[in-house]
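J.: Chains as they are written, first to last, in the numbering used here: chain A, 1 to 687; chain B, 1 to 138.
Just so you know, the hints here were simulated from the structure itself, not pulled from any lab data. Hints are not guaranteed to be accurate.
Said to hold, decoys possible - Once the Cα atoms are required to be at most 20 Å apart in a straight line, the calculated SDA-like pairs of lysine to any residue come out as:
#	chain 1	residue 1	chain 2	residue 2
1	B	LYS34	A	PRO278
2	B	LYS34	A	GLU535
3	B	LYS34	A	MET654
4	A	LYS506	A	CYS474
5	B	LYS28	A	GLU535
6	B	LYS34	A	LYS229
7	B	LYS28	A	ALA546
8	B	LYS28	A	LYS658
9	B	LYS34	A	SER174
10	A	LYS658	A	MET263
11	A	LYS445	A	GLY458
12	B	LYS28	A	ASN277
13	B	LYS34	A	LEU178
14	A	LYS304	B	ALA120
15	B	LYS28	A	ARG539
16	B	LYS28	A	GLY543
17	B	LYS34	A	LEU164
18	B	LYS28	A	ALA545
19	A	LYS465	A	ASP526
20	B	LYS34	A	MET263
21	A	LYS304	B	PRO58
22	A	LYS304	B	PHE99
23	B	LYS34	A	LYS445
24	A	LYS304	B	GLN115
25	A	LYS304	B	ASP59
26	B	LYS28	A	PRO278
27	A	LYS304	B	HIS103
28	A	LYS229	A	HIS71
29	B	LYS28	A	ALA538
30	B	LYS34	A	THR177
31	B	LYS34	A	ASN277
32	B	LYS28	A	ALA540
Unchecked claim - Computed, partial: chain B to chain A, Cβ under 7 Å:
#	residue
33	MET1
34	ALA5
35	SER6
36	ALA9
37	VAL16
38	PRO35
39	HIS40
40	LYS43
Please read all numbers here as calculations on a predicted model, not as lab measurements. Glycine residues also receive a C-beta, built at the ideal position from the N, C-alpha and C atoms.
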Amino acid sequence: MSGPSDYQPSNPALQWIERRLPIIGLVHSSFVVYPTPRNLNYWWTFGAILSFMLGMQILTGVILAMHYTPHADLAFKSVELLVRDVNYGWLLRNMHACGASMFFFAVYVHMLRGLYYGSYKEPREVLWILGVIIYLLMMATGFMGYVLPWGQMSFWGATVITNLFSAIPYVGESIVTLLWGGYSVGNPTLNRFFSLHYLLPFVIAGVVVLHVWALHVAGQNNPDGVEPKTEKDTVPFTPHATIKDGFGVACFMLLYAWFIFYMPNYLGDADNYIPANPGVTPPHIVPEWYYLPFYAILRSIPNKLAGVIGMFSAIIILCFLPWLDAARTKSSKYRPLAKQFFWIFVAVCILLGYLGAQPPEGIYVIAGRVLTFCYFAYFLIVLPLLSRIEKPRPVPNSISEAILAKSGKAVASVAVMLVAAGALFFGSLQDARANEGSDKPPGNKWSFAGPFGHYDRGTLQRGLKVYKEVCSSCHGLSYIAFRNLAEAGGPGYSVAQAAAFASDYKVKDGPNDAGDMFERPGRPADYFPSPFPNEQAARAANGGAAPPDLSLITKARSYGRGFPMFIVDFFTQYQEQGPDYVSAVLQGFEDKVPEGVTIPEGSYYNKYFPGHAIKMPKPLSDGQVTYDDGSPTTVAQYSKDVTTFLMWTAEPHMEARKRMGFQVFIFLIIFAGLMYFTKKKVWADSH
Amino acid sequence: MNPDASTIAAGAPIEVDLSPVAEGQDIKVFWRGKPIYISHRTKKQIDEARAVNVASLPDPQSDEARVKSGHEQWLVVIGICTHLGCIPIAHEGNYDGFFCPCHGSQYDSSGRIRQGPAPANLPVPPYQFVSDTKIQIG
Numbered sequence: 001m002s003g004p005s006d007y008q009p010s011n012p013a014l015q016w017i018e019r020r021l022p023i024i025g026l027v028h029s030s031f032v033v034y035p036t037p038r039n040l041n042y043w044w045t046f047g048a049i050l051s052f053m054l055g056m057q058i059l060t061g062v063i064l065a066m067h068y069t070p071h072a073d074l075a076f077k078s079v080e081l082l083v084r085d086v087n088y089g090w091l092l093r094n095m096h097a098c099g100a101s102m103f104f105f106a107v108y109v110h111m112l113r114g115l116y117y118g119s120y121k122e123p124r125e126v127l128w129i130l131g132v133i134i135y136l137l138m139m140a141t142g143f144m145g146y147v148l149p150w151g152q153m154s155f156w157g158a159t160v161i162t163n164l165f166s167a168i169p170y171v172g173e174s175i176v177t178l179l180w181g182g183y184s185v186g187n188p189t190l191n192r193f194f195s196l197h198y199l200l201p202f203v204i205a206g207v208v209v210l211h212v213w214a215l216h217v218a219g220q221n222n223p224d225g226v227e228p229k230t231e232k233d234t235v236p237f238t239p240h241a242t243i244k245d246g247f248g249v250a251c252f253m254l255l256y257a258w259f260i261f262y263m264p265n266y267l268g269d270a271d272n273y274i275p276a277n278p279g280v281t282p283p284h285i286v287p288e289w290y291y292l293p294f295y296a297i298l299r300s301i302p303n304k305l306a307g308v309i310g311m312f313s314a315i316i317i318l319c320f321l322p323w324l325d326a327a328r329t330k331s332s333k334y335r336p337l338a339k340q341f342f343w344i345f346v347a348v349c350i351l352l353g354y355l356g357a358q359p360p361e362g363i364y365v366i367a368g369r370v371l372t373f374c375y376f377a378y379f380l381i382v383l384p385l386l387s388r389i390e391k392p393r394p395v396p397n398s399i400s401e402a403i404l405a406k407s408g409k410a411v412a413s414v415a416v417m418l419v420a421a422g423a424l425f426f427g428s429l430q431d432a433r434a435n436e437g438s439d440k441p442p443g444n445k446w447s448f449a450g451p452f453g454h455y456d457r458g459t460l461q462r463g464l465k466v467y468k469e470v471c472s473s474c475h476g477l478s479y480i481a482f483r484n485l486a487e488a489g490g491p492g493y494s495v496a497q498a499a500a501f502a503s504d505y506k507v508k509d510g511p512n513d514a515g516d517m518f519e520r521p522g523r524p525a526d527y528f529p530s531p532f533p534n535e536q537a538a539r540a541a542n543g544g545a546a547p548p549d550l551s552l553i554t555k556a557r558s559y560g561r562g563f564p565m566f567i568v569d570f571f572t573q574y575q576e577q578g579p580d581y582v583s584a585v586l587q588g589f590e591d592k593v594p595e596g597v598t599i600p601e602g603s604y605y606n607k608y609f610p611g612h613a614i615k616m617p618k619p620l621s622d623g624q625v626t627y628d629d630g631s632p633t634t635v636a637q638y639s640k641d642v643t644t645f646l647m648w649t650a651e652p653h654m655e656a657r658k659r660m661g662f663q664v665f666i667f668l669i670i671f672a673g674l675m676y677f678t679k680k681k682v683w684a685d686s687h
Numbered sequence: 001m002n003p004d005a006s007t008i009a010a011g012a013p014i015e016v017d018l019s020p021v022a023e024g025q026d027i028k029v030f031w032r033g034k035p036i037y038i039s040h041r042t043k044k045q046i047d048e049a050r051a052v053n054v055a056s057l058p059d060p061q062s063d064e065a066r067v068k069s070g071h072e073q074w075l076v077v078i079g080i081c082t083h084l085g086c087i088p089i090a091h092e093g094n095y096d097g098f099f100c101p102c103h104g105s106q107y108d109s110s111g112r113i114r115q116g117p118a119p120a121n122l123p124v125p126p127y128q129f130v131s132d133t134k135i136q137i138g
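For reference, chain A alone in the conformation it holds in the complex (with noise of 0.2 Å):
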């Protein structure tokens, strides 16, 4: 993309094609011959990470949406059978679904590092704009995205979403309906968003084009800031910089495989997991922790145009920051006090993020403007001015200077920016839910945990039994079929078994020739039959709260973990809180109510329950359930069985998630050294 190209092949089949378009020479020139300063560092690897994720993220995407149903009643349904059924599945979705937050992750980096070393600078402020196009349609198809699993996450964040446009005068309350297309957030809503998600990523692919071609026209900036002069200040890009950026990539694709194989779910909202429900709010509403540092700003202003405004500003404004920044010297590396600012400003925008996530009173109130305000000022009052008051040490002469005089500063620099990137990335996770006055959940020892978990068949036998004697005269568990009983990573019962177990259920079916419904006993492919007909008797029968279907529930509740053991749990990959919790409450019934806690008429004091009255009377009791293998029949050891139970059911293919976690680390490691060694043997001569 820089010029013409002087490149002939010498293939006379590919001669005879270059003529006619001269495709090869273009990519020749632009990925093979095409100059690179020497002096990149593996901050600039972060845009071939980002290209990767782009393609991954499409390639996963339309596989996905092959088996996805865009419709309000079957679009949750539909996502979980994907995950259950589908060859794969369960990895096509984590790998999309985390590949978001990579994305976003490296994005960050991205934008960061050229915020560092002065990127936007002239002449490069057209590709530093159209990167922030990118970013902000990245932003829409992420939030787009995010809607269509059709989780009470999925929903809410929709509504509050495209209510933000109702702050506009005069037009808002219009532009709303035709996002919703009809009165409320509904299937219309959803139909659009899939839509939208699956063609704005092709328009970001698109506007990566001309980012590239901008970049490749402008020439890349590097970590001193001093344009490339002679041939000795650059290599060519292939070796030399596709073997860095293969080597970045397959680092990347660790932490990015850390995600789908062993923490698939820590990045979300237990939420998501309970279908989406127009008649009940989730108590806190959290956007995906990418979103999180703008959430904060928008909450902090008290008016809600304001708050609007305050928000989307916060992004365009990065687009006049080559002219706010008006200093000469590009990169921070020479400008003493603006690398200063720069560190604060990265603080800032963490602590944005944390609070975000946390809910708007008192003092995080306070604190949100006060960081609000700090966000701004870097870029309208501090950035302008230090352009005018600061003394920029001196800048090399060239690159090939700059190559020589390095010194060991570099290293702690970097350091410290992986050590604020990481706390970026963490920090924002913060679980926003509150945890209402109950008792934390006790921790257990679950077979299932850590990298090498397993279900233990016995556990799982024993659970089933407990669930189908005791649970399932009032919890469905609608998402498991009787075949899945005698599948690979599941109780372990053989086909025979599986068949001979649905044969005791009475399946309705029909309608029959003569248009009438019938009772026929289960076949494998049947799925366990819900004891109610409809939500509706479900909540009749039990005073008013339906009992939840449990197929998903260890998935679907957890409790803070609050700082800073989220982030212990992301090195111990501890993901159990939904297992923890499930166990404590079923054990967590009481006769005696403490002082001060009121239970109302028709509900149970349980120290777990959030608010402590649940309208489940007490479920288990010593020797209610007998085991044939001697196992103690207590309540402790039927909740830690039918838990276990349930985790499967939420969780079929954990086993077979793990085994490939650790193939797919092995193969990564051997990948990742050889590509260190082969980049070294590349780049000997060029340091």
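Based on the hints, put chain B in the right spot on chain A.
T.: Just chain B now, with coordinates in the frame of chain A:
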């Protein structure tokens, strides 16, 4: 991109029978996909709503203007927080009215905003009394 014909048709007026709603209770019905709270207010709630100095409210509106005369005990409001669209919880908050769990807006027993980030009162949907115990919304 505007609502299609079937969506508009499904948004036709609905009738609600009020006779089963006892004093102090409220029901939630859905109209056009929106929750509508119908509250059978107690004498205390009505008095509280009318005792307020209207001019001091963020969105000044008298209680009389928000209910149908002769049916003062019935409050009919769209249960969507005017801030960002969450559903407030009835009988919570400091004003004997509604409390929005999302960003902490509080509404009084007339559905008027009293505290929090919401800019306006809970809207009153178009409705009329068909008989003493039946209303038509829409």
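J.: Taking the hints in turn, state whether each one holds.
T.: Okay, the hints, checked on the actual structure:
no., hint, in the structure
1, B:LYS34 / A:PRO278, "holds (8 Å)"
2, B:LYS34 / A:GLU535, "holds (19 Å)"
3, B:LYS34 / A:MET654, "violated (39 Å)"
4, A:LYS506 / A:CYS474, "holds (16 Å)"
5, B:LYS28 / A:GLU535, "holds (16 Å)"
6, B:LYS34 / A:LYS229, "violated (65 Å)"
7, B:LYS28 / A:ALA546, "holds (17 Å)"
8, B:LYS28 / A:LYS658, "violated (46 Å)"
9, B:LYS34 / A:SER174, "holds (17 Å)"
10, A:LYS658 / A:MET263, "holds (10 Å)"
11, A:LYS445 / A:GLY458, "holds (16 Å)"
12, B:LYS28 / A:ASN277, "holds (14 Å)"
13, B:LYS34 / A:LEU178, "holds (17 Å)"
14, A:LYS304 / B:ALA120, "holds (10 Å)"
15, B:LYS28 / A:ARG539, "holds (15 Å)"
16, B:LYS28 / A:GLY543, "holds (17 Å)"
17, B:LYS34 / A:LEU164, "holds (17 Å)"
18, B:LYS28 / A:ALA545, "holds (15 Å)"
19, A:LYS465 / A:ASP526, "holds (18 Å)"
20, B:LYS34 / A:MET263, "violated (37 Å)"
21, A:LYS304 / B:PRO58, "holds (13 Å)"
22, A:LYS304 / B:PHE99, "holds (18 Å)"
23, B:LYS34 / A:LYS445, "violated (45 Å)"
24, A:LYS304 / B:GLN115, "holds (14 Å)"
25, A:LYS304 / B:ASP59, "holds (14 Å)"
26, B:LYS28 / A:PRO278, "holds (12 Å)"
27, A:LYS304 / B:HIS103, "holds (12 Å)"
28, A:LYS229 / A:HIS71, "violated (58 Å)"
29, B:LYS28 / A:ALA538, "holds (18 Å)"
30, B:LYS34 / A:THR177, "holds (13 Å)"
31, B:LYS34 / A:ASN277, "holds (12 Å)"
32, B:LYS28 / A:ALA540, "holds (16 Å)"
33, MET1, "holds (5 Å)"
34, ALA5, "violated (12 Å)"
35, SER6, "violated (10 Å)"
36, ALA9, "violated (12 Å)"
37, VAL16, "violated (16 Å)"
38, PRO35, "holds (6 Å)"
39, HIS40, "violated (18 Å)"
40, LYS43, "violated (24 Å)"
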